[in-house]
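Enquirer: Residue numbers (my numbering), protein chains in the order written: chain A, 3 to 197; chain B, 3 to 197.
No lab work stands behind these hints, which were simulated from the structure alone. Careful, some of the hints might be misleading.
You can't tell identical chains apart in this list, so a pair holds if it fits in one copy or across any two.
In silico EDC-like cross-links for lysine to aspartate or glutamate, where the CA-CA straight-line distance does not exceed 16 Å [said to hold, decoys possible]:
#1 K182 x D42
#2 K36 x D77
#3 K107 x E59
#4 K187 x E44
#5 K107 x D148
#6 K187 x E59
Number of protein chains: 2
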Amino acid sequence: MTKNSSIDYSNRVPLEGVDDLFHRRWSPRAFDAKPVPQRDLEVIFEAARWSPSCFNEQPWRFLTSTASSRDRFLDLLLEGNQAWAKTAPVLGFITAEKLFARNGKPNDHAEFDAGAAWMALTLQARMRGLHTHGMAGIHRDRIYEDFGIDRQTTQLICAFALGYIGNPEILPEKYLANEKPSPRKPLADIWRPIS
Amino acid sequence: MTKNSSIDYSNRVPLEGVDDLFHRRWSPRAFDAKPVPQRDLEVIFEAARWSPSCFNEQPWRFLTSTASSRDRFLDLLLEGNQAWAKTAPVLGFITAEKLFARNGKPNDHAEFDAGAAWMALTLQARMRGLHTHGMAGIHRDRIYEDFGIDRQTTQLICAFALGYIGNPEILPEKYLANEKPSPRKPLADIWRPIS
């Protein structure tokens, strides 16, 4: 994992013993326009491929931009996200198959499982010196339509940017103060051992 | 990461370059009853803590058993899961907060984000020689009631087992043939670069 000594990790005081991979992962907005090699992309989505899922259904699907489609993807983000994501070399959308292939019934764990695959690809990206940033603010109706995504069978979840971290000075001023790893709730707020 | 040379990885042919952490993760049913040290548990949930989430809401919540509550957790699994999970030293439930703390509105990404946190804890577990196994088959109504989980604000997602891998011979015979890492769809089925 590439470490960048200029990043301000002061919001993050991890428990000793937790691997750097987890607490040194964060979601920058300043991306360098440098292209991501094809092989890195393949390895990153390959990591997602091996994620666990209910009945091994593997409901996660990823659409990503190439050089020729990046502007089309960018245009489907809400304007606030376009403002910083415009420099990211790769943009993508995450969808989940809503029905079990095995029996056509609703898969209540499709979004949860897609979240696991998203984390796998994000961590594999970090291992190769790359970062991701998820985005909820997208033109949902237009994305379903533009990519021919069937609402009956497929749930559009979110978008993401993927690339190398860039110089924060390229960001619009309003994003500058938050361009650092964010804090978290205390561990006791999210984990409760029951005695 | 602990590797066990007796495990049959023949279902898994990963693309070269993807980290072992991802394709050597799998969901065994045979768990050794050996307790998980408290420090390992803390580190595992700490890894989940640093996961990304929409508006940094951190909607994931984990309830885990201790020695004194393990039977109570076990009893809340469907019988098919009890048959193998009975030896796992730690059982848990994953829930997600359905409403944004910031404004009380529905958080459409809560389950997806909880999936990311689940993957983080699973991968940190693997780094410490432990495995997880998620379970959809649980007594949902009873879990809401037993743990006082408020359906208005909180979504029960799934259960999981956590512990060291055990000897497959302890399993009921019907689970024996599947006690090995499962295959996956081809990468092209889950990832589509758009040109």
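Enquirer: It remains to establish, for every hint, whether it holds in the given structure.
Expert: Hint-by-hint comparison with the structure:
Proximity of K182 to D42 under the C-alpha cut-off of 16 Å is found in neither arrangement, the shortest distances being 24 Å within a copy and 28 Å between copies. In this assembly of identical chains, the alpha carbons of K36 and D77 never lie at most 16 Å apart, being 20 Å within a copy and 54 Å across copies at closest. Taking the shortest alpha-carbon separations for K107 and E59, only the intra-copy value of 12 Å comes in at or below 16 Å, while the best inter-copy value is 30 Å. Proximity of K187 and E44 under a CA criterion of 16 Å is satisfied inter-copy only: 14 Å between copies versus 34 Å inside one chain copy.
Neither within a single protomer nor between protomers do K107 and D148 lie at most 16 Å apart by alpha-carbon distance, with minima of 26 Å and 28 Å respectively. Taking the closest pair of Cα atoms, K187 and E59 come within 16 Å of each other only across two copies (9 Å); inside a single copy the shortest separation is 32 Å, beyond that limit.
When the structure is compared with the earlier hints, violations turn up for hints 1, 2, 5 and for no others.
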